[in-house]
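Working from the sequences, and respecting the hints, build out all of it.
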Amino acid sequence: MEQYQYQQLPTPTSIRLINLDLKPDSDTLACSFEFVDVHCSPEYTALSYVWGDETSKVPITCDGKSISVTSNLHDALEEVCERKGKTRLWADALCINQQDNLEKNKQVAMMATIYSNAAKVLVWLGPDPYSDAPLIFAGIKVLFEVTAAIAGAGGKFKRFDEETCVFHWEVPDGTPVLSPFQDNILFKPDEEGKARIDRFLRLAWFSRTWVLQEVGLASEAVLLWGDTEQNWHYVGITCMFLLHYCKPLLVRRGFAEGFESIRNLYMAFSTFAPGSTFFHLLNNARPFKATNARDKIFGLLSHPTSRTISMATWRPKNWKTYDRYRQLAVRCLSNYHDVLAWIDHLAAEWSNQTSEDEELPPPLIEADYNRSVEDVYRDLAVSHVDRTTSLEILTAVQHIPDSSMPLPTPSWVPRWDQYIGTPILGLYSSSHFASANRKAIVSSSTNPDRLIVRGHIVTRIVATSCLLDGSSFDLPLPPDGIHGPDSPEVHKFWDSNPFAALWLASKLGKLHLAGHQYPQLLHEFAGSGYALVGPHSSIYEAYIKTWVNGQNFGTIDDFNLKADAAAYWERAFYGSEGDPVIRDEDRVPQSVYEARWRRYRDLMANVCNKRKFFFTKKELFGMGPGALKIGDWLAILQGADVPFILREVEMGRDQNKPLPPDLKFELVGECYAHGMMQGQAVRGRELTRDIELV
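One point on numbering: in the UniProt record's numbering, the residue at position 593 of the sequence shown is 593, and numbering is uninterrupted.
I should point out that these hints are in silico values taken from the structure, not numbers from a laboratory. Check before you lean on any hint, since a few could be wrong.
Unchecked claim - Restricting the straight-line Cα-Cα distance to at most 20 Å, the calculated cross-link-like pairs of lysine to aspartate or glutamate (EDC-like) are: (1) K247 with D198; (2) K194 with E162; (3) K545 with D469; (4) K664 with D654; (5) K629 with D654; (6) K664 with D690.
Said to hold, decoys possible - Per label pair, the in silico range of CB-to-CB distance: (7) A153 with D63: 47 to 57 Å; (8) V171 with N105: 48 to 58 Å; (9) E162 with K320: 35 to 45 Å; (10) E686 with Q8: 54 to 64 Å.
Where a beta carbon is used, it is the ideal one built from N, C-alpha and C, also for glycine.
Put into structure tokens, the structure is as follows:
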């Protein structure tokens with residue numbers, strides 16, 4: 001059969017739709033293309049799917065000619081055809097000529113309209129050979145409907161009992177309500193159930209960059225796994241709920257990361273995060289995959305924040321779709337009351353709007369597949385700096401930790417196709433303002449790979465810890481007996497736990513590193529046979545803040561820096577024996593104590609993953625990037641909320657001489673430096689040094 005040849009689209013706003021049917025007297029799929037205008041098209045369903053193995057192709061008939069599609073797309077088309085009969089679809093691999101970059105550029109620019117105008121977005125998760133979908137989707141449906149009913153009646157969540165898998169609620173009149181889920185596969189799965197959940201979380205669709213916009217812009221989205229359907233909002237909000245109220249259980253079973261991926265996918269275009277920006281979207285999409293590295297950017301350009309920067313200035317076309325679910329969804333957010341008030345206010349404004357929104361400004365960057373990946377990433381960074389008069393986007397620079405390879409050029413451009421699992425310190429609800437809230441001053445350069453910014457070089461790094469890992473901060477003790485500070489179990493913490501080991505680095509109370517003395521981090525408690533700590537000192541306060549980014553992450557509910565850090569401290573240095581200074585009558589219940597030290601552990605593990613603790617020549621300490629090395633510089637860059645670590649390009653320079661004004665630097669990454677986070681280094685100082693980043 002003759003191979004199909006794509007015809008040129010008749011107008012700049014034309015798209016192709018597929019009229020799909022089974023070929024008479026054959027199992028072969030048959031379709032025909034229909035050319036329509038994207039702004040006045042007939043009703044159609046948009047298909048969201050993973051392309052799959054491009055070496056595994058299956059022929060279908062299109063307008064009487066043969067065209068090959070991946071086997072996964074073929075399965076999706078076949079399932080849709082069997083369920084719905086003759087239907088009108090849009091699927092990117094067929095409806096866009098993938099060999100024509102000019103057409104791809106234009107069609108990608110219309111993706112927002114294509115998906116938002118679709119009557120429905122049908123998500124093909126793939127075949128279901130183990131019949132997992134009926135059980136998984138049933139568990140999701142029951143949890144969603146029960147919790148939504150209680151939340152809709154004004155119920156307040158009190159606690160979740162992990163042993164019995166019972167949720168404890170309280171309705172407005174004070175009556176307690178119990179929601180048992182011990183028979184739900186999501187809570188107490190047997191080995192077969194765990195395998196089912198694992199297969200669900202590993203479905204490739206949940207890890208692809210393009211799908212964020214495909215379901216995020218939908219007026220209605222339905223997941224299809226094998227022959228079983230489920231409402232996308234049910235799945236997304238269930239993941240939000242489980243992570244908010246049951247995360248320790250998910251962590252222990254190894255499911256937390258998978259549920260987080262689905263939650264982030266669902267939240268990317270939702271109205272439940274009205275303070276989000278395009279930078280938030282870029283960062284949240286970082287773990288998602290794209291075959292073409294350019295699509296880590298191009299796949300997000302349909303989001304209005306690529307034009308407006310902030311969600312708060314945008315009225316989403318499908319906001320009513322999300323609005324139906326907000327009563328439950330916002331209760332799964334840490335800052336529930338603030339967000340609910342904000343969303344209620346925006347919903348009231350949107351309800352009163354009768355006209356279309358004003359035309360949005362152009363996106364930060366246009367999709368162009370003829371440009372190199374490096375040029376696309378660099379141009380996005382420059383455009384973001386220009387549009388925001390901020391260096392915020394530089395905080396996303398995360399080089400491969402402890403790599404023996406040189407830093408890439410240009411070093412100041414974030415690589416969105418690399419993900420190392422380290423959160424951005426200055427991103428979420430940042431209370432840091434290291435450059436005293438001053439706008440960025442950027443000078444022009446004849447070399448597009450160089451960025452000249454205004455800043456202040458503070459001090460040199462003279463010592464670092466090893467590369468930290470989020471799994472290093474647990475404090476497990478045997479459940480039997482009392483294990484105090486003289487026990488081998490607690491002594492093990494002092495060697496293997498970075499928080500304890502670094503504090504106890506010198507029993508003399510001084511750290512002698514790189515020929516320099518550091519502030520006293522240790523206090524010998526009179527009369528004791530082991531090293532204890534002064535928990536009321538300023539060094540102690542600085543120390544506990546540094547490990548959690550100054551408590552600048554609001555991801556763990558009820559976090560209390562002093563109480564939670566004190567509980568972790570007691571566990572690390574006194575084990576289950578407890579601090580002898582604390583009177584019995586002042587001790588909190590064991591359950592409260594356990595919750596406190598675990599909260600500090602969880603936040604510390606999140607902040608410190610793939611980072612290094614460092615000391616500077618000016619007796620500061622902080623938390624830096626994993627690529628940090630001794631000899632790097634701590635710097636403040638005007639227009640950024642956090643300090644940065646820089647590296648001299650000219651090696652072998654006489655370190656006793658002042659820094660030459662024309663010295664060039666590589667950007668190693670952002671950092672937390674206690675005493676530098678509130679503008680202390682720049683107050684009363686006019687920053688006059690131009691720092692050239694290469």
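Tested hints:
1. At roughly 16 Å between alpha-carbon atoms, K247 and D198 fall within 20 Å of each other, so this suggested pair holds.
2. Taken as a hint, the K194 and E162 pair is honoured in the structure, with Cα atoms around 16 Å apart against an allowance of 20 Å.
3. For the hint pairing K545 with D469, the CA-to-CA distance comes to about 18 Å; that is within 20 Å, so the pair holds.
4. This hinted pair checks out: K664 and D654 have alpha carbons roughly 15 Å apart, not beyond 20 Å.
5. In summary, the hint linking K629 to D654 is supported, as the alpha carbons are separated by about 18 Å, within the 20 Å threshold.
6. Our distance criterion of 20 Å between C-alpha atoms is met by K664 and D690, whose separation comes to about 10 Å.
7. A hinted range of 47 to 57 Å holds for the C-beta pair A153 and D63, which are about 55 Å apart.
8. The beta-carbon spacing between V171 and N105, approximately 55 Å, falls within the hinted interval of 48 to 58 Å.
9. E162 and K320 have their C-beta atoms about 37 Å apart, which keeps the hinted 35 to 45 Å range intact.
10. Separated by about 58 Å at the C-beta atoms, E686 and Q8 satisfy the suggested range of 54 to 64 Å.
When the structure is compared with the earlier hints, no violation turns up for any of them.
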